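Asker: Listed below are the residues making up each chain.
Protein chains: 2
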Amino acid sequence: VPRRSATQVASARADTLTAAAELASVVGLEGLTIGGLASRLRMSKSGLVGRFGSKEGLQLATLDLAADIFRRTVYQPASTAPHGLARLNAICDAWVAYLGDPPLPGGCFLTTAVVEFDARRGPVHDAVKKVMQRWLTLLEREASTAIENGELPADASPQDVAFTLNALAVGANCDYQLNRDPDTLRRARRAMATALSG
Amino acid sequence: VPRRSATQVASARADTLTAAAELASVVGLEGLTIGGLASRLRMSKSGLVGRFGSKEGLQLATLDLAADIFRRTVYQPASTAPHGLARLNAICDAWVAYLGDPPLPGGCFLTTAVVEFDARRGPVHDAVKKVMQRWLTLLEREASTAIENGELPADASPQDVAFTLNALAVGANCDYQLNRDPDTLRRARRAMATALSG
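As they're listed, the protein sequences go chains G and A.
Position 67 of the first sequence, counted from 1, bears residue number 277 in this note's numbering, the numbering being contiguous throughout.
Position 19 of the second sequence, counted from 1, bears residue number 229 in this note's numbering, the numbering being contiguous throughout.
These are calculated hints, taken from the structure and not from any lab test.
In this text, all values refer to a predicted model and were calculated from it rather than measured experimentally.
Please note that a few of the clues may not be correct.
Straight-line distance between alpha carbons at most 20 Å, and here's what the computed DMTMM-like set of lysine to aspartate or glutamate pairs gives [as the list claims (entries may be wrong)]:
(1) A:K340 - G:D393
(2) A:K339 - A:E266
(3) A:K339 - G:E358
(4) G:K340 - A:D391
(5) G:K339 - A:D393
(6) G:K340 - A:D393
(7) A:K255 - A:E232
Coverage of chain A stretches by chain G, computed from C-beta distances (three or more under 8 Å per stretch; other residues unrestricted) [as the list claims (entries may be wrong)]:
(8) 311-321
(9) 392-398
Cβ coordinates follow ideal geometry from the N, Cα and C atoms, glycine included.
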């Protein structure tokens, strides 16, 4: 058997992680097992262990991919808008669109991961916390710029703005996943607009 | 062995359900198994099957109890406030206090149940949906009264108000469970106040 090129190895790894993220978005990161993924991919368990080391290694790599999908879908389309209020509005547009048509079948992967790992201790909990903190910090920075620009009131709190936008998205995800009512998305966007009107 | 009285049977059932709700608030309703609960309670599996019929019966009864705990902790303390804005504010006070000191160890049971069952079909999904709908309808009714009373703008939407308050609570629960930062609770209450200021 010829040795596979580095590109082939990387691409096989990416395909495996995509399948892992799709599975975990429905059964949860904790429900994601080496055995479950192996049988879905018709791969050997030892092949997966070789690739990710352990269930925890697989969970961490899957979370990384999901965070990356979130960034590509929600942050990247907004990143051409000027910093401050315009960028926050562009993020909210992309975010609500993402919630209505999530790239992974179980809805927002990160919300599910937060609810699953908030009370568990360990490396996956820490990684989930870090992903969320990074996102809230990014929102806070844009809110600070909006305040400096005079686009939000001088006494507005960047942390409050970031918290509120994120809570509205999390709440909309739960509501939309449960009821599939497009009004939920319109409501979330309107509430975000109110939070951004000062 | 003397037959147990109806009161004894009811009380044993209540104790079992309390243990089930405590367990499920950490491992999830889907993680709640007849076997897991039996070993925790040092009971026989057949005794639990006799009491609840099946895992699904146990899940439904546990969800009922959790909804009841929510009503007693969040709705009941507020139910002496006059209908409309005063009652909505009293609900928000009790709600944020509940999120900061949840009666079940894993945080808001209903949020976890929504995230767990949004994509699964079946009687537990339907029951979760019904509990959430009942709560949102109650909030909408109070918002309608607040609009009639002139305490909220005439063009406010009761559905928008209910959605926003619920989203802020869901988002605060996720954030607080993950980070245990009391600022989260203050932020949530402030954002609720903003949503209720029209």
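Asker: None of the hints should be skipped; say for each whether it holds.
Answerer: A quick look at each hint next to the structure:
1. Simply put, K340 (chain A) and D393 (chain G) have alpha-carbon atoms about 18 Å apart, close enough for the 20 Å limit, and the pair holds.
2. For a cut-off of 20 Å, the pair hint linking K339 (chain A) to E266 (chain A) stands: about 16 Å separates their Cα positions.
3. Distance hint between K339 (chain A) and E358 (chain G) is unfulfilled; the C-alpha atoms sit about 43 Å from each other, more than 20 Å.
4. Restraint check for K340 (chain G) and D391 (chain A): satisfied, since their Cα atoms lie roughly 15 Å apart, inside the 20 Å limit.
5. In summary, the hint linking K339 (chain G) to D393 (chain A) is supported, as the alpha carbons are separated by about 16 Å, within the 20 Å threshold.
6. Restraint check: the Cα-Cα separation between K340 (chain G) and D393 (chain A) comes to about 18 Å, which is no more than 20 Å; the hinted pair holds.
7. Our distance criterion of 20 Å between C-alpha atoms is met by K255 (chain A) and E232 (chain A), whose separation comes to about 18 Å.
8. Only when three residues or more bring their CB closer than 8 Å to a CB of chain G does the claim for the region 311-321 of chain A stand; here the count is 4, and the claim holds.
9. For a cut-off of 8 Å, the count of residues in the region 392-398 of chain A with a CB near a CB of chain G stands at 4, and the three-residue condition holds.
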